[in-house]
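Protein chains: 2
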Amino acid sequence: MAPFNPRLLSDGLNRGPRRKSAEEYINGVLSGNRVILSQAITLTESTRPEDQELASQVVHACLPHAGNSLRIGITGIPGVGKSTFIESFGQLLLERGHKISVLAIDPSSERSKGSILGDKTRMEALTREENAYIRPSPSGGSPGGVARKTRESIILCEAAGFDRILVETVGVGQGETIVHSMVDFFLLLMLPGAGDELQGMKRGIMEMADGIAITKSDSGNDKRAKIAAADYRRALELFPPADHGWKAEVILTSAVTGMGLDEVYSLLENFQESMKENGFFEKRRKGQAVYWMNEYLSELVRNRILENRDSRQYRQEIQERVTGGTLSPFEAAAMLLEHALKDRS
Amino acid sequence: MAPFNPRLLSDGLNRGPRRKSAEEYINGVLSGNRVILSQAITLTESTRPEDQELASQVVHACLPHAGNSLRIGITGIPGVGKSTFIESFGQLLLERGHKISVLAIDPSSERSKGSILGDKTRMEALTREENAYIRPSPSGGSPGGVARKTRESIILCEAAGFDRILVETVGVGQGETIVHSMVDFFLLLMLPGAGDELQGMKRGIMEMADGIAITKSDSGNDKRAKIAAADYRRALELFPPADHGWKAEVILTSAVTGMGLDEVYSLLENFQESMKENGFFEKRRKGQAVYWMNEYLSELVRNRILENRDSRQYRQEIQERVTGGTLSPFEAAAMLLEHALKDRS
Numbered sequence: 001m002a003p004f005n006p007r008l009l010s011d012g013l014n015r016g017p018r019r020k021s022a023e024e025y026i027n028g029v030l031s032g033n034r035v036i037l038s039q040a041i042t043l044t045e046s047t048r049p050e051d052q053e054l055a056s057q058v059v060h061a062c063l064p065h066a067g068n069s070l071r072i073g074i075t076g077i078p079g080v081g082k083s084t085f086i087e088s089f090g091q092l093l094l095e096r097g098h099k100i101s102v103l104a105i106d107p108s109s110e111r112s113k114g115s116i117l118g119d120k121t122r123m124e125a126l127t128r129e130e131n132a133y134i135r136p137s138p139s140g141g142s143p144g145g146v147a148r149k150t151r152e153s154i155i156l157c158e159a160a161g162f163d164r165i166l167v168e169t170v171g172v173g174q175g176e177t178i179v180h181s182m183v184d185f186f187l188l189l190m191l192p193g194a195g196d197e198l199q200g201m202k203r204g205i206m207e208m209a210d211g212i213a214i215t216k217s218d219s220g221n222d223k224r225a226k227i228a229a230a231d232y233r234r235a236l237e238l239f240p241p242a243d244h245g246w247k248a249e250v251i252l253t254s255a256v257t258g259m260g261l262d263e264v265y266s267l268l269e270n271f272q273e274s275m276k277e278n279g280f281f282e283k284r285r286k287g288q289a290v291y292w293m294n295e296y297l298s299e300l301v302r303n304r305i306l307e308n309r310d311s312r313q314y315r316q317e318i319q320e321r322v323t324g325g326t327l328s329p330f331e332a333a334a335m336l337l338e339h340a341l342k343d344r345s
Numbered sequence: 346m347a348p349f350n351p352r353l354l355s356d357g358l359n360r361g362p363r364r365k366s367a368e369e370y371i372n373g374v375l376s377g378n379r380v381i382l383s384q385a386i387t388l389t390e391s392t393r394p395e396d397q398e399l400a401s402q403v404v405h406a407c408l409p410h411a412g413n414s415l416r417i418g419i420t421g422i423p424g425v426g427k428s429t430f431i432e433s434f435g436q437l438l439l440e441r442g443h444k445i446s447v448l449a450i451d452p453s454s455e456r457s458k459g460s461i462l463g464d465k466t467r468m469e470a471l472t473r474e475e476n477a478y479i480r481p482s483p484s485g486g487s488p489g490g491v492a493r494k495t496r497e498s499i500i501l502c503e504a505a506g507f508d509r510i511l512v513e514t515v516g517v518g519q520g521e522t523i524v525h526s527m528v529d530f531f532l533l534l535m536l537p538g539a540g541d542e543l544q545g546m547k548r549g550i551m552e553m554a555d556g557i558a559i560t561k562s563d564s565g566n567d568k569r570a571k572i573a574a575a576d577y578r579r580a581l582e583l584f585p586p587a588d589h590g591w592k593a594e595v596i597l598t599s600a601v602t603g604m605g606l607d608e609v610y611s612l613l614e615n616f617q618e619s620m621k622e623n624g625f626f627e628k629r630r631k632g633q634a635v636y637w638m639n640e641y642l643s644e645l646v647r648n649r650i651l652e653n654r655d656s657r658q659y660r661q662e663i664q665e666r667v668t669g670g671t672l673s674p675f676e677a678a679a680m681l682l683e684h685a686l687k688d689r690s
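Respectively, the protein sequence lines represent chains A and B.
Just so you know, we're using this note's numbering here: the first sequence kicks off at 1 and counts up by one.
Just so you know, we're using this note's numbering here: the second sequence kicks off at 346 and counts up by one.
For reference, chain A alone in the conformation it holds in the complex (with noise of 0.2 Å):
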């Protein structure tokens, strides 16, 4: 028997049952077991060496049965009722024969795990259908760690046969780059009469949006949703054309009513098609997975520098002269570097 190890009590994984071994995993991922599907992401989750690998093994075993889906980001500022829209746009899904999932990211959190509103009550609908998987957001980390948790899980749950992959930004923040950055079509959520808000969102996010769905366009609201509606085409407008020839549409929708929502079901449609057609469809996926290997590699290797036990006190002089006010952090950087470089060599 092993010795007493105090540290396993506390770990999650050890709490419930035994972990499985790899073909476990793999031959129950692949058959759809949705009870496996979460184990096996929540070992990609674990931070513990051992399981790393295990997961590493389960993921690559996974990777060719992967990719068969749509991977739907969809992001908007608070308040503007993802949720909702998510719970109304999922059944949709469902009724047209889809298996769906959800997944959420916040990288944002930064001093408290947990959140002020359960997340517990959202979507509550949609978690009791069977071609249905929702899963919250993997708990803090790095925005890489966080990226590779859940590009991890759209692998497993593609390869447990789920076809349309919505991945939802939670709160504000780093969210919105890291999901436009693993997934095919980009939604972006906006408020009815918001013409303030185009002011705010004058770069970036309106850019990345592969299409507009304007929430709570139904009456009371209707006058303002057509307004913002043609404020936003003129927008999109201004932009230089994207290199992958779409032109990002703008819907009015209703949570409540299910207006628009097989508007936005079309889009989506209409874009995979086109897309796939005229080969953006893989050259995106190609260029995001380059992406990320390169941020991860950044990550690990920024990690093997800052734990080298023999630049330890060099880093230590550099680091006293940096918060001493005398060196920026800048130069700082690349005086580990050097040191670093010459120190192998």
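To be clear, the hints were calculated from the coordinates, so they are not data collected in a lab.
Only true hints are included.
Coverage of chain B stretches by chain A, computed from C-beta distances (three or more under 8 Å per stretch; other residues unrestricted): (1) 406 to 413; (2) 492 to 498; (3) 625 to 637; (4) 669 to 682.
We put the CB at the ideal spot given by N, CA and C, even for glycine.
Using the hints provided, position chain B relative to the given structure of chain A.
Frame of chain A; chain B shown alone:
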């Protein structure tokens, strides 16, 4: 005479007056010359190695004269009224005898470097003031690059005698986290009557805030503003206590009537006083310097590895397996690192 180099023609630095010597920049900045301050900031934003070398000398020499300011980050969702708040609050700072500098951060722009609605008409009244210096966001580049440029701008402005530095986020994206990592006080602007907003903001941003100002709280909105303030105060109480012991306050403001701006000013002064007293002011700045040193080191190292000729072919092979879908980006990153380290030993 040097041979004709067409690149020089398109380089902004060469269109204006000739580059100065390091001494001229340093003396100009330290004497508070705004024209030379602008030129020095432009120099830090240049991507030419000679300019970067020169900029590094200038920043290094200014470093001992920097730091004597309160650095205030200002963020909020699109439409909240950041520019008008800064315009009014900036006037108040000027009346109290401060010299203010307004910097902007926008790392989210991926495709275009322009803006839909021009930045030039913003803060018109402030731009006419002797003791105010307004600088738009440095263009594009990596988040690390944007951070470096903005941090160096802060140092140069402080060395030039500005004692209140306002750093504003533009658009929605990664700006909030970057700004939070380089300021002393993080002010979050919120709209009145935004119960929905609260839900979306459940993690991250609100927890970073040292203060919340509700904008547009003048008559017509006053009832909704009060309800919102109560909501936010209630939410703030749910957070775990911050390590510096400061409790974020919520203030009702109006840029039109000037309501609440005095209170925001007092809040900032109280914050500065009590954080200097308990030592957290210095501690936070030191922690930020180390954070940026690490971030920038990571960026430098990654660039170096990706440009290494010896590993280029191996990298090409790995990348093809990633884009071919038989290797995950994260496995690939681990393999590249392994290879690079083996290569050198």
